[in-house]
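Colleague: For reference, the chains in residue letters:
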Amino acid sequence: MPDIGVRNFAGKINCPNPFWLASAPPTNTGEMIMRAFDAGWGGAVWKTIGEPVVNVSSRYSATDWNGQRIMGFNNIELISDRTVEQNLSEMAEVKRRYPKNAVIASLMVASNREAWHEIVTRAEDAGADGLELNFGCPHGMSERGMGSAVGQVPEYAEMITAWVKEKARTPVLVKLTPNISDIRTVARAAKRGGADGLSAINTINSITGIDLDTLVPRPNVDGKSSHGGYCGPAVKPIAMNMVQQIMADPEAALPFSGIGGIGSWRDAAEFMLLGCGTVQVCTAVMHYGYRIVEDMADGLDNWMREKGFKTIDDFRGLSVNRVTEWKHLNLNFKIVARIDEQKCIGCDLCHIACWDGAHQCIHLDRVSGPIDGHVELHRTPAAEQAESLAAIAETPVTRKEREAAFAHGPYPTPLARIPRVDETECVGCNLCSCVCPVEGCITMVRVDKDVPPESWEQRTKGAACAAPTSGD
Amino acid sequence: MEVAINATNGSMFDRQPDLYGPPVAPRRKGDGMSTATLPDDPHLKARFGELKPALTSQAAVIEADRCLNCFDAPCTAACPTHIDVPGFIKRIASGNLRGSAVRILDANILGASCARVCPVDVLCEGACVLLRQNHKPIQIALLQRHAMDAFWASGETPPAKVATKKKLRVACVGGGPASLACAAELRRAGAWAAVIERRELPGGLNTYGVAEYKLRAADSVREVEMIRQLGVEFRCGMEVNSAAALEALEAEFDFVFLGLGLGAMQRLNVPGEDTRGVMNALELIAAYKTGHVRELHGTVVVVGAGNTAIDAANAARRLGADTVYMLYRRSEQEMSAFDFEFEHAKQEGVLFLWRRLPVAIRPEAHGRLQLETVQVRQADGKLEVIPDSEVTIDCDLIVPAIGQSPLTELLQKLRSVEVRDGRIVADRETGQTGNARYFAGGDCVNGGREVVDAVAGGKRAAIAMLKFAEVAHA
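These protein sequences, in sequence, are chains X and E.
Each residue of the first sequence is one higher than the last, beginning at 1 in my numbering.
Each residue of the second sequence is one higher than the last, beginning at 1001 in my numbering.
Since the hints were derived computationally from the structure, they do not count as laboratory data.
There may be inaccurate statements among the hints.
Said to hold, decoys possible - For the chain E half of the interface with chain X, some residues (derived, Cβ under 7 Å), not all of them: (1) 1062; (2) 1068; (3) 1072; (4) 1078; (5) 1132; (6) 1134; (7) 1352; (8) 1449; (9) 1453.
If you're wondering where the values come from, they're calculated on a predicted model, not measured in any experiment.
C-beta atoms are modelled at their ideal positions from N, C-alpha and C, and glycine is treated no differently.
Throw the hints in and build the complete structure from the sequences for me.
Modeller: Pasting the structure below:
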């Protein structure tokens, strides 16, 4: 039975599982956090505490895609609009009732030493297991010299982290903003300042959409909008890229709490493979409620069992070094697409994708006879469509006609609609397997038998300049 | 005048409904089509409500999003009119409903009625690749109806892309789907087209012959009205039934398109067939759709097992008949009706008598009938009567539904237009007949298929005529 408990994260933080609620609306009050712990969350980062703000109405907007709600989510809400006293007294109550769960205080105050010293002491006195410095909030607070205004300047980030560390008795995590050209610069600064851990990413500056009737971007606040913070499933690839960059950099790497589009155990496992010891969730909970943690814990447990991992540390970070610079990739590695004729349903999306978006090597010529290599000898997709439109189709009205119309030989799909890969031209780009709607229908098969690996760096070593190769 | 068929009522038929002569309102010139002759009957609406509920807007978008947007989509290829199915579906998904409807109308001017009457199981939906993935094809018909309903609701008209006016003038004889499609295609390309229809209302079987729960006569007429708005001329109540009439058309028009459909329904050829109380399937359907038959009682026997026979049997049930038999000389496996129609009939409570043949009809007291039948079996490819298998069915109405006969009379007058097996012989791609000025399409060529086949035939002929005219004028 795998153990998904977290021990001594960033120094001293312990919790029953690595699933934390991110500092956000789901952690607005003690009552909410206690319900979240009841639902199974391992920890919670309190909605950022500081001088109370006034929020606007409305605050959120979303990007939907292809019938799915909230592919991406955007907010212009600020930090907690409740007083420091209110938040901290509730925090003390939560810790009293839930001693085993991790409660992290997210903090943001004006950039002076005394203010930071005071808030750190008060939060720890309330029982916080750790502190998260909000250097990431990209909207509103940054206009007041806080949030990402700090997180975008390494010197400020280092200085404030050092101030906090002067007082802090619990681990200090610095939450990083992605709205910067190289996130590692601030990660390194936080490490220099003495941070015990990092969390990332905060939200990405965004405008999610514009109402085509009113012409006002969303969310609409009395006819105007503002640059918001983008999160949800859409940002996960961006977040993972940044996490990997930091964790691969010895000057920046620290115990990491991953954030960005996490909504399932799969997402969590991927962030952990990039080095995260805990993960933080917000958008998925705002969409579906605290209950999603059940499958996250259950699913991670089952995956670990299947893979033979006993603790999270058994697999944490295993994929960090599987990302390398392009120049180290093996140029002699060669894969080609193979289409399973029994699985193909004949949508021919791979064919049009290959012709219009790749290398014109997936053809519909199984019936007319394959022609390898010469694209110009093949009919274009437009010609194929024209032929279909010129063909005369009739309703099969008799039983005989109906039987003939729906019978097509050894494959489930008419042979003419099962595409064929010209392996002499296939570059192994993966596009067809990305568009194929049928699981396991298109596989990428390795074909570079007995060729020693050679990277771009090796191939161009000794050359006066890195001239491109001829390609063959 | 309404006719109630009532088993206890001695005077069953005050008037035999005439398929080709529903109540004729005085036709005013320039009036286009009036729907005044169609009943706005709550009784009819209640008994023949929509068979399938429409999709809500959101359900339509969810369904549209499910479409894979196949390349060179099999659904489009399977559609005789080659509607760009993924094209109109993705326009629904993007919220471009007008674009969706226009995309449909571009390929099929009767897209609204086809969405309701097409046997999509054996056409677009039967070709959907998702059948091979999860056995749930995209609900193309309902999506098409959604787009067209939105189009009607918006009160918009199809784009008049009548570019350059052409000198070409074409007479389309017969007011059914083939002629309508032909005329619309010609008109949209800038030619002049006149539809000549002998009945009061155009639309052919779309108006008079489709089960009301699939397509209301009023909806068919509305669709025709849209075609009139494109600039197609309609000459209704005008019969073309003589050599002189054809010569007049030849004098006025460059080409004649024959969209004649088929003739009256086949007779059973049994003694007593002309007895009052025998009414063929198309007569029955037209009669209830136009308000001439509002109510049936007792037992109805439909002879035949095609799709029209099922429409008639279902109608008899919905009109109040207690027992409806379908009598078929062959077995269930051989019936020509589509599977979904057969299932529908069973749900409506229609009872089936297989391998049974009508041999005589006898009038009884109080307007009742006796239908004498025998059991038959297949022997050497022929039907053989089983001795001592006579069964007499007491009934109130007998509905022959064994197919339509060809329109031989007019066809004989068409010089140089070859007719084989009662069908006009026409070039498959162009619809051109042996007489270069005559084109043909629809049931009179294909022997009786679907509305969408007639539309495709009319369209192909129009495109061919436009090409010929271009060459001639070049």
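Colleague: Now, for every hint given, state plainly whether the structure supports it.
Modeller: A quick look at each hint next to the structure:
no.: 1; hint: 1062; verdict: holds, 5 Å
no.: 2; hint: 1068; verdict: holds, 5 Å
no.: 3; hint: 1072; verdict: holds, 5 Å
no.: 4; hint: 1078; verdict: holds, 6 Å
no.: 5; hint: 1132; verdict: holds, 4 Å
no.: 6; hint: 1134; verdict: violated, 10 Å
no.: 7; hint: 1352; verdict: violated, 17 Å
no.: 8; hint: 1449; verdict: holds, 5 Å
no.: 9; hint: 1453; verdict: holds, 5 Å
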